[in-house]
Amino acid sequence: MGRGVTGLAPACLRASQLELFSPGAPGWPFGDFHALPGRRLCGRPLQIRQVARPGAGPEAAEGRGAGLSSLIMDPECSQLLPALCSVLADPRQPVTDDTCLEKLLDWFKTITEAGSSLLLLQENPCLLGLLCHVLKPQDLSPRVLAFSLRLAGMLAAQEDCFQYLQQGELLPRLFGEAGPLGGAAWTAPSVRSGWIQGLRSLAHHPSALCFLADCGAVDTIFSLQGDSSLFVASAAGQLLVHVLGLSLQGPAEGHPGLQTGDWPVCAQKIVSHIEESLRSAATPQITQALNVLTTTFGHCHNPWTQVLWVRLSPLVARLLEKDPVPAAHSLVDLLLSVARSPVLSSSSCGLWETLAQTLSHLSPTQAGPLALGILKLQECPQALRAQAFAVLLQPLTCVLEATAQAPGLLDSWDGTGGASVTVDTLLASKAACVGLLCRTLAHLELLQPLPQRPSPWPQAPLLGATVTILRLCSGSATPTSDAGGHLCAFLVGCVRVQRAALDFLGTLSRGTGPRELVTQVFAVLLEYLTSPDSSPTVLKKAFQATFRWLQSSPETPGCSDLDPHAQLFLRELLPVLPKRLCSPCWEVRDSGLEFLTQMIGRWGGQAGFRRALLASEVPELTEQLLRDPESYVRASAVAAMGQLSSQGLRVTPASPEHPGGQQKSLLAELLHILSTDSEGFPRRAVMHVFTQWLRDGHADVAADTERFVARVLQVASQDLDWEVRAQGLELALVFLEQTLGRPSSHCPYAVTPPVAAPPGPLAQALRPLCRVQLFEFAFRALFDCDRPVAQKSCDLLLFLRAQTASYSGPQGSGSVPEVASVEAALQRWQAGDQGQPLGYLEPEVVVAVLRSMDLEGLRGALAESSDRVEKSPQSLLQDMLATVGALGEDEADCY
Amino acid sequence: MKLYCLSGHPTLPCNVLKFKSTTIMLDCGLDMTSTLNFLPLPLVQSPRLSNLPGWSLKDGNAFLDKELKECSGHVFVDSVPEFCLPETELIDLSTVDVILISNYHCMMALPYITEHTGFTGTVYATEPTVQIGRLLMEELVNFIERVPKAQSASLWKNKDIQRLLPSPLKDAVEVSTWRRCYTMQEVNSALSKIQLVGYSQKIELFGAVQVTPLSSGYALGSSNWIIQSHYEKVSYVSGSSLLTTHPQPMDQASLKNSDVLVLTGLTQIPTANPDGMVGEFCSNLALTVRNGGNVLVPCYPSGVIYDLLECLYQYIDSAGLSNIPFYFISPVANSSLEFSQIFAEWLCHNKQTKVYLPEPPFPHAELIQTNKLKHYPSLHGDFSSDFRQPCVVFTGHPSLRFGDVVHFMELWGKSSLNTVIFTEPDFSYLEALAPYQPLAMKCIYCPIDTRLNFIQVSKLLKEVQPLHVVCPEQYTQPPPAQSHRMDLMIDCQPPAMSYRRAEVLALPFKRRYEKIEIMPELADSLVPMEIKPGISLATVSAVLHTKDNKHVLQPPPRPTQPTGGKKRKRASDDIPDCKVLKPLLSGSIPVEQFVQALEKHGFSDVKVEDTAKGHIVLLQEAETLIQIEEDSTHIICDNDEMLRVRLRDLVLKFLQKF
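Going down the list, the protein sequences come from chains Y and D.
Using the numbering used here, read the first sequence as starting at 1 and increasing by one per residue.
Using the numbering used here, read the second sequence as starting at 1001 and increasing by one per residue.
Don't read these hints as lab results, they were simulated from the structure.
C-beta atoms are modelled at their ideal positions from N, C-alpha and C, and glycine is treated no differently.
Hints may be right or wrong, so weigh each one.
As the list claims (entries may be wrong) - Some, not all, of what chain D presents toward chain Y, calculated at C-beta under 10 Å:
no. : residue
1   : 1152
2   : 1154
3   : 1271
4   : 1278
5   : 1285
6   : 1290
7   : 1314
8   : 1317
9   : 1320
10  : 1455
11  : 1485
12  : 1486
13  : 1587
14  : 1588
Go ahead and model the full structure; you've got the sequences and the hints to work with.
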């Protein structure tokens, strides 16, 4: 069977290829044929699997659009369309898969965007027929009805087509009272959604506005805002925003009325509706209005938005007078959206006052996101920022006070009287307390790295509060007040707060703190790392935070070792680590190993660390974990052992129990894992370690590099996991660079590793590559069924070809018989028969084969989406027809 | 209703409940922490222990040096270990009707109660509780009897002398009541008094109350008990667990609507999460063995050991411990491992289903089959020939005062490569280790207590909502060492009532109703009258028979027939010969209509005043007051009986009579 990739285009191959590949198939390097053979879904040809393709997935609309290569409707599609329209219009042939309809709409969208909708309609009268047909009273599927509404809207987006459709009174019948709006089909959410989306597409010109006004659509949209389907409700809100924007950018564009009274009727109607909703006592209505406004101010930055805000802000401010403030979340979103709008953030519209007022009226839980939003604003009055920061810090102040620590935190920030409210919230219930603290910590974590974070940043009190929270969670804090006792009872053992606090503690490592606080930080981290009660996720976070704090601890002047303080900590930590590596819980063993790998990577070269590590049981235990039953742990152990070995920290005991018994070398052990491990993760990890070792010139590798590379490539080429094969190519590339020298174009300033630059003639330089059978590996990878592998191999061969460009070997690919046989073998490989090896190749043969290959063409083919054949509109139409046809057959079978 | 508290140990409870003329003992736990004051009983002569110096008073008086020995600054009684019995003076234990046992740990004092107090009642327990309880007692007796000790110290117990001793001997409570261990004969006799019960089985006690055991999820066959009459329900929760270990899950739903919930047997280590502890146990075990050391696990022969073996079964391969032998040494090791496999109906669902495959429910069967786990009755015999190091030994007793563990402590204590891991929470590990000091081996404390913690208790109480909670006083305040941990106490509304040893608690509810049955023929004769929609009343005249705490209304006896009377009496003549009954009244008086009626009857100066409870109708001329309240009506008129009767009749017109 044909594969989806062709890369070879030497003249001698072309004739035979034509039989194997249809013109226009993916990867075909010559010309682009429109005459794509129709394929049914069930008879899909073998494709390149799309693994890890960025943006892959059903939502990748661009990919989908790009796949529909034909921008004008080709004759084949035109021929299929009437049949499809009649199938769609036939209620007896239900379309079961609405993704087809979505794809069809996408296709129409590309067509209408590229050309005239009117022309499309005139050339394909069946479309009009379909639109008229759906209006007849019948038992039509809601999907088809929704599709028709969306299609009609899409077509009517162009004014001439709109007029054309209007002539037949089609649009009022589709979107007006007489249409599905009043019928039974309206109960289906998909129809209501189709109606909204149709109008959304349609509303692109002034005539559309008149139409909306005439058919009374705006009132329907108002009512749909409260629809039971969230999708419909949300789309209705967005449609309102769109219509409002459209009506205000109409003829008087650039000169919006300074009075809303001057605004078009449609806009006035919407604004009145929003006002009415804001005055309403019902929270859902207020929420709808606020959401519409949020979207408006978020998307539209025309001057009229300022006029709108001036008119509506008193109503918004009045919401704050209610207790509790209704729709607080939406209100916060709106205020932040307004504050971010470049048109509105001037002080003239009283925004800052409203924000300040809101901050003080909302409950601590609701005020947090607003405070964070305010602090993220680029420009904002200092007083407001101070207030916002105080709100944000309030819960932590309460924690500090409850544990009778000198707050100090907010002496400079506490400008509000919200403390008692915050305390009330914290002590109301466990859920409220946990929620507020987690949110506060998360907000502060987001704020910490921002350049506009408040200054001075209260690093020390924040550290104090976080440490206190962690100690409350572990039960080691001693609260002195009743409130503290309650907090302690709520927080003891609370994993959520522990995770949030450890994350924030990690973030705080970017700053410094007073010595005694840093001591406390290390103490609390050690407490968590030691405690048997730390849950695996908490422990992982504790490891992460620990690494960050160790990383940030100042280095001893003069030498690049850890400071004595951190060393002391490390001495206490290292006895804990073996216990974690022996944990019955694999997540704990895994995070322990990850931490270890990080530590070795960072301090592996430092004497203090090395001494401590070697004195512990950690290296031995790590090696034992290479045989862990859990694959993730094995993978992490491989990475850790790779690091240990690179740093010369692997213990190779000439143990007294095994005198003379040579311990298996790590290289052999890792090779064993690579060739036998049943799971992909450890094998991938081994490949990473090997690549790194090769790059770093690890002693075991340097002893016989060629043998090493040959063995690794041989094992990797047979691996079922594409990432292992891809990593094999990475390793091959490193070897290639070391043999031939790094390409100068990569980076002119790069320090090239001490490698043997090609000394003599190129053929000699290529010989090691031939000996390790790198080319066999690369060629096999070129026809790999996983695209990333093929792409990587293509890049590698292109690099190699560039390197050999200057080589003046035998010219003309066909002239050397060996070349022809290699090409024939490659052709068989391409056809799926990879059994036969190439054997040893002479450098000259390799160069000749490389030159004869259309690698650029192949790269282009690989870069294209692999399923573009199936995404061709014609294929889509055929699939749909075939599916419906097949359904008919099934029905017949039933009799 | 009263609760007599005979034990001061919240996890080894012994309470007596007096409820509706029954006397029910709830558990009889034996506090064995007293043994920590004694020297260990070595299996083979220990020169170290036998050469310990005698203790003398500060003034050099050495009259106690035979009884008390000093070891690393601690003083121990050199005698057969003794146990602290439940209180026997608070209530006459011969009056106890039944004893309800919750789990095998809570029955260890049974022989003392059933054999020495004149107890003549029945003991109720589930089958696994009895069988495993028997194993524990057998082990205990065996441990102590196989090391006969001639000496029995009693001098130190003298109150005047005890005061002079150092702590903790000085502070030991009720030392005069401490007793030596019972004999196997006493055990057998005690166990013969037990009647086996199944979960949810209803057992009638003298017709007065019904007791029902419910699964408590803590151990094989462990139960909570419901003690209920027709209108009152007392739940006794003792040693329950919500964790998914081997036993059947806890039955919480049946505890709902209790008037009183007696709550005992919570976790002894509320700050330690059993999962974390199991992890700690495994990690330390692996680390020790990898370094060539031995691991000693002092434990009971049943319970947590099953879970530990199961964890190890899953863990040993991943930790590379497949070649390490595990030894389980106990006189009852074999029976315990086998019993656990046959009590399928008492196991959690997962394990039950295995039986149908058929597979042994516990994986220790496989460990035994593959020779990874070996068990021996004692370290004499086969064990000594099979013994291979490094190894892991599970053996008793967790107090480290008797049993094979004493030998291993002496054997391995000197090497820092070895580790002793404490998993049983009943004994303070520091006190347990005291007579072994100085000790080089590592000590790890991983108490695994799966019983309810305070968070679970608070959820449980919210769920079952008892009217009153009664618990040991230790649960009503945070532990002394962590006085700030308000979360480590029972928090409920109304606050829990607490008790302590030798205290009698009057339980805070009164019995208000009693169920009475009506004989069918009597019921037949009743003619209910509907006084309100849905409420009908009927008067009944009957004789109340009470027997075996059951009350029955029977038709009154017919008057004896006059002799010679031939004609049968008519039914209407059956009415007993008693005073004519006044009719019963019901309903309320509508004031307005009443006033109208008064006016119709010629009272012209009627005034109505509203009061807090109803109305006062004033007849000014007649100087008469009619006080109408919700549940009473008074006519107050001086010396005019005629008027009163008139008014009364008027009032009665508005009320229903039957």
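Each hint, compared with the structure:
1. 1152: Hint on residue 1152 of chain D: violated, closest Cβ of chain Y at ~42 Å, above 10 Å.
2. 1154: Since the shortest Cβ distance to chain Y is 43 Å, the answer is violated.
3. 1271: 6 Å, holds
4. 1278: 7 Å, holds
5. 1285: It holds, given that the least Cβ distance between residue 1285 of chain D and chain Y is near 8 Å, below 10 Å.
6. 1290: 7 Å, holds
7. 1314: This interface hint holds because 7 Å falls under the 10 Å limit.
8. 1317: 6 Å, holds
9. 1320: 5 Å, holds
10. 1455: 8 Å, holds
11. 1485: Since the shortest Cβ distance to chain Y is 6 Å, the answer is holds.
12. 1486: 4 Å, holds
13. 1587: 46 Å, violated
14. 1588: 43 Å, violated
In summary, the structure is inconsistent with hints 1, 2, 13, 14 from the numbered list given earlier, while agreeing with the others.
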